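Trainee: Here's the letter readout for the chains.
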Amino acid sequence: MYALIALGYTMVYGVLEFINFAHSEIFVLGAFVGVEVLLLLESSGQLATLHPAAILLLVIITAMVISGVAAMALERVAYRPLLGGPRLVALISAIGASFFLQDGLRLFESLWRNTFYLNYPSLDFLDRNLPVTDILVIPVKSLLVIVTALLTLAGLHFFVNHTKLGTAIRAVAQDPDTASLMGVPVKRVIALTFFVGGALGGLAGVLFGIHYSLVNPYTGFVPGMKAFTAAVVGGIGNIPGAMLGGMMLGLLEAFAASYLSLVTDGAFGAEYKDVVAFLVLILILIFRPKGLLGETVREGKA
Amino acid sequence: MNPKLATLALSGYIAVSCLLAFFFPQSALAFLLVEASLLLLFYVPAPEKVKTFLGALVLLILLPILGWVNGYYLEIAIQIGIFVALALGLNIVVGFVGLLNLGFVAFYAIGAYLWAIFGSPQANAFIPGGLFPLSPNWFFVFLLLSIAVGALTGLLLGLPVLRLRGDYLAIVTLGFAEVVRALVNNLDKPINLTNGPRGIAPITKPPLFFQPLLELAGLQVSPAQLYPLYFYFLILVMVFVIILVTRRLENSRVGRAWKAIREDEVAAASMGVPVVWMKLLGFAVGASFASAVGVLFAAKQVFINPESFTFMESIGVLAMVILGGMGSVPGAVIGATGVTILNLQLLKGLSLWLNGLRQSGAELAIPFLGSYSLSQLPAQFEPAKYERMVFGLILILMMIFRPQGLLPPRQEQRK
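Chains as they are written, first to last, in the working numbering: chain A, 5 to 306; chain B, 233 to 647.
These are calculated hints, taken from the structure and not from any lab test.
The model shown is predicted, which means the values in this text are computed figures rather than measured ones.
Ideal Cβ placement from N, Cα and C applies to all residues, glycine included.
A couple of the hints might just be wrong.
Unchecked claim - Label-pair restraints from in silico Cβ distances:
(1) S484(B) / P189(A): 35 to 41 angstroms
(2) I290(A) / P439(B): 21 to 27 angstroms
(3) M503(B) / I65(A): 53 to 59 angstroms
(4) V69(A) / A499(B): 44 to 50 angstroms
(5) L476(B) / P189(A): 33 to 39 angstroms
(6) I290(A) / F441(B): 44 to 50 angstroms
(7) L629(B) / F112(A): 49 to 55 angstroms
(8) A499(B) / P85(A): 24 to 30 angstroms
(9) A499(B) / L287(A): 53 to 59 angstroms
(10) A158(A) / N483(B): 28 to 34 angstroms
(11) H215(A) / T542(B): 22 to 28 angstroms
(12) A58(A) / E539(B): 33 to 39 angstroms
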């Protein structure tokens, strides 16, 4: 889960060296688009008739497209005018965009649905469990998240390393000036990167929504922070790194949640998992500012 | 404009606006006019002495009198004071040294909890002897102590993270603030330090050491009436001290070193500026201001809980600094005042107004679109709830159109 959001951060950061603060809101937007599509299907009675896979695909694709377009629009409005300015300026603008989107979404949903806490309609086929052995039972939901994450990683890897557009993205990431001399439309590539990053965010949002089933416009903040942590842990700007960081952070949190109270004799419980996550971020930044897989990017091998 | 004429006009304006606010205590508009007088004071080309006199007149005499008539005015003035002080603290870190600190509210929280824990029965939970709450006289001791504690936490956080580049620093400070909030939220066990999400109450107020004097002068005033005024003057003094310190720092060796670091770290280092020390110092000074304000905040509120110290507050203060102009003291003051008024008065006022419209059920005739009954205005459309949206817009628009802020620092203008 974190890995997926982290991928979005990494995409944008890798190209622009810029932290897209509003990414967590793009992610929430994805979740909301997902829920809206599902609710629309439900009210038109098609939720029961359509094939589960078709529903899932429809939801995910809509969310991805809308999130991607939103991210592109955001880039156009809030970031492009600031390109080439000081980094802090763009960062602050991104924070502003993030806040604006949070309340914009809230306003829209309250006008539209009269509430801004939305429940995902439950989907039967996702609530089942998949027995692997007698003790090991995997919920379909979790499986869906894991499989999607792996597929996305593979797809992204292929896209970035083996297509023409991917090559253009990498060229812009390395040196925008030279890339533009070589005939790469830099601005369009940046917009494209935002689209891809946003689409990934939207995908993550839908999965998040399906998994936790309740979304509100402010849910994005903590997952966003953690995804950023994951991206940093793995080495920001590095796609496999983001994946690794996300998994590490997820595992760490799961362990912290279940073992912290055992280790400390019940003094500190699961409520400290967020603290653990942020402490890890701080520690990693101190000892390995480039992240676990960071060096490979600097040396230009990845 | 002719300075004499300007002085006259200004005095007239102040008199009229104060009279209005005095006779229409319900009107938020009248009070806004009074607030605007301070802004005018800053811009009007009157002699320096006259401006100082008029400013002092408004702040020290007229506002308290208005506050006496309507306690709400004083409450707003105190809030503005608190945010001005916070913005000034953050201005040092972001504006002078150029380090984006997104976790500024953490230091504020630390100060607030420092006094909250020891100035309430809370400390009895882990220090035996029933010594707490401390007597009000300790308030000033803790005010000083909080400066030290704030500086210390600033140093502790700064030491490891200041080697990081700008945007990483932002994230780490943000993470730090979340850690502090999580700790405050959860430290009700194993030992009950902060009482968790339920918060701490009642917190002792500062001592009314001057009450005997008032009684000597033949004034019988109940503490309930006195406290708002008292806090108002406390925060006024605090803001004044902070401005003084900041001004002195700004033009000293330290201030120049900070600006050198902000403009170009490598160049500064090669000119012999101890970059790390100077950054730490800036961090610590900003943190100590915030922490001292926190003590005052806790004493004023009587009750605090972790809800008061969210990321939202950090961003709010940041928006104030940016709106006013990073690195500019008057800018920070005006930004803080503007945003606080926007939040407390304008948005709320607008909400009330819309509510009124809705209830009146008037028909609004829009050309070409037919008429629209105002009672159909959706109830969710309430500006006071969307302060984030407003902050976000402020941040984006400021960054795009005027990244230097409303009142950029003077030195920049000379370049």
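Trainee: For each hint, tell me whether it holds in the structure or not.
Mentor: So, going through the hints one by one against the coordinates:
The hint said 35 to 41 angstroms for the Cβ distance between S484(B) and P189(A), and at roughly 50 angstroms that hint is violated. Take I290(A) and P439(B): their Cβ atoms lie about 44 angstroms apart, and the range 21 to 27 angstroms is violated. For M503(B) and I65(A), the Cβ-Cβ distance of about 57 angstroms falls inside the hinted range of 53 to 59 angstroms, so the restraint holds. For V69(A) and A499(B), the Cβ-Cβ distance of about 47 angstroms falls inside the hinted range of 44 to 50 angstroms, so the restraint holds.
Distance hint check: the CB atoms of L476(B) and P189(A) are about 54 angstroms apart, inconsistent with the given range 33 to 39 angstroms. Range check, I290(A) to F441(B): about 46 angstroms between beta-carbon atoms, so the 44 to 50 angstroms window is met. At about 20 angstroms, the CB distance of L629(B) to F112(A) disagrees with the hint of 49 to 55 angstroms. Evaluation of the 24 to 30 angstroms hint for A499(B) and P85(A) yields a pass: the beta carbon distance comes to about 28 angstroms.
Checked against the hint of 53 to 59 angstroms, the pair A499(B) and L287(A) fails, with Cβ atoms roughly 31 angstroms apart. Taken as a hint, the range 28 to 34 angstroms is violated for the pair A158(A) and N483(B), whose Cβ atoms sit roughly 59 angstroms apart. Between H215(A) and T542(B) the beta carbon distance is about 25 angstroms. The supplied range of 22 to 28 angstroms therefore holds. Our hint of 33 to 39 angstroms for A58(A) and E539(B) is violated, since their Cβ atoms are close to 44 angstroms apart.
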